[in-house]
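One line per chain: the protein sequences are A and W, in this order.
Take the first sequence: its position 84, counting from 1, is numbered 84 in this note's numbering, and each next residue is one higher.
When you read off a place in the second sequence, starting at 1, and then add 113, the result is the number in this note's numbering.
Simulated from the structure, these hints should not be mistaken for lab results.
Since this is a predicted model, take the numbers as computed values, not measurements.
Backbone N, C-alpha and C fix where the C-beta goes; we use that ideal spot for every residue, glycine too.
A portion of the hints provided could be inaccurate.
[Claimed, not checked] Here are some chain W residues the structure puts well away from chain A; computed CB gaps all over 10 Å:
id : residue
1  : Q130
2  : P156
3  : V168
4  : D176
5  : K184
6  : M202
7  : L204
8  : E217
9  : T227
10 : T229
[What the hints assert, rightly or not] Label pairs and their in silico Cβ distance ranges:
id : chain 1 : residue 1 : chain 2 : residue 2 : range
11 : A       : Y70       : W       : K184      : 40 to 48 Å
12 : A       : A67       : W       : L152      : 20 to 28 Å
13 : A       : R66       : W       : Q130      : 42 to 50 Å
14 : A       : L46       : W       : T189      : 23 to 31 Å
15 : W       : E217      : A       : E5        : 15 to 23 Å
16 : A       : A17       : W       : Q130      : 28 to 36 Å
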Amino acid sequence: RKEVEQDPGPFNVPEGATVAFNCTYSNSASQSFFWYRQDCRKEPKLLMSVYSSGNEDGRFTAQLNRASQYISLLIRDSKLSDSATYLCAVNDLDGGGYNKLIFGAGTRLAVHP
Amino acid sequence: EAEVAQSPRYKITEKSQAVAFWCDPISGHATLYWYRQILGQGPELLVQFQDESVVDDSQLPKDRFSAERLKGVDSTLKIQPAELGDSAMYLCASSSPDRGETYEQYFGPGTRLTVT
């Protein structure tokens, strides 16, 4: 089983729709979770951090379910500009006590008119 | 807004040649990461520095890859010799907090490497 798993999509949705992605993780000790947005052939850009049960920023809401070991990203009122790949990242503490991030392969979102 | 700088942005090289990438993290960020991202996959950590020290290079192919951060600021990643399978995006990221704390990583624009 992969450490961080995401549905690759693509999710094809019309403008104005609400869409949600899930990301499952295997390490129950993970404490920090992140959603990154990545446009084609560009670098990942931090979208949201999730340290407790959830976080909300405008049209974007991230939630954490520790019992089932997944985080979700909800996008309301989708815009054409939301079309991108959404990467989930989960922190992992190595033996030396240093944080590192494990990334999922990403979920592709395509918003159409 | 402070950014992570990387150069070059694009590099085409022939197999068996040497190639080097440079990264300058956000000022004051003690932790620096090099990732490799193959098309359709998420970034994979190659090496992590805390100041000038390597703290994780478990996924770095050490027979051909090397990385250094001599003064604890900017960093260089080298591949010698390059192989066809090294074609990928090489991303540098940096973060601020000390070990063991929660943190956020910020990425540079990446270097897209094509090996022919």
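Evaluated hints:
1. Q130: holds (23 Å)
2. P156: violated (5 Å)
3. V168: It is violated; W/V168 is separated from chain A by about 5 Å at its closest Cβ, not greater than 10 Å.
4. D176: W/D176 clear of chain A: closest Cβ-Cβ about 22 Å, beyond 10 Å.
5. K184: W/K184 is indeed farther than 10 Å from all Cβ atoms of chain A, at 20 Å.
6. M202: violated (8 Å)
7. L204: violated (6 Å)
8. E217: violated (6 Å)
9. T227: holds (12 Å)
10. T229: Answer for W/T229: holds, closest chain A Cβ roughly 19 Å.
11. A/Y70 with W/K184: 40 to 48 Å: holds (41 Å)
12. A/A67 with W/L152: 20 to 28 Å: violated (35 Å)
13. A/R66 with W/Q130: 42 to 50 Å: Since the Cβ atoms of A/R66 and W/Q130 sit about 48 Å apart, the hinted range of 42 to 50 Å holds.
14. A/L46 with W/T189: 23 to 31 Å: Taking Cβ atoms as reference, A/L46 and W/T189 lie about 25 Å apart, which means the hint holds.
15. W/E217 with A/E5: 15 to 23 Å: holds (22 Å)
16. A/A17 with W/Q130: 28 to 36 Å: Taking Cβ atoms as reference, A/A17 and W/Q130 lie about 48 Å apart, which means the hint is violated.
Checked against the numbered hints above, the structure breaks hints 2, 3, 6, 7, 8, 12 and 16 and satisfies the rest.
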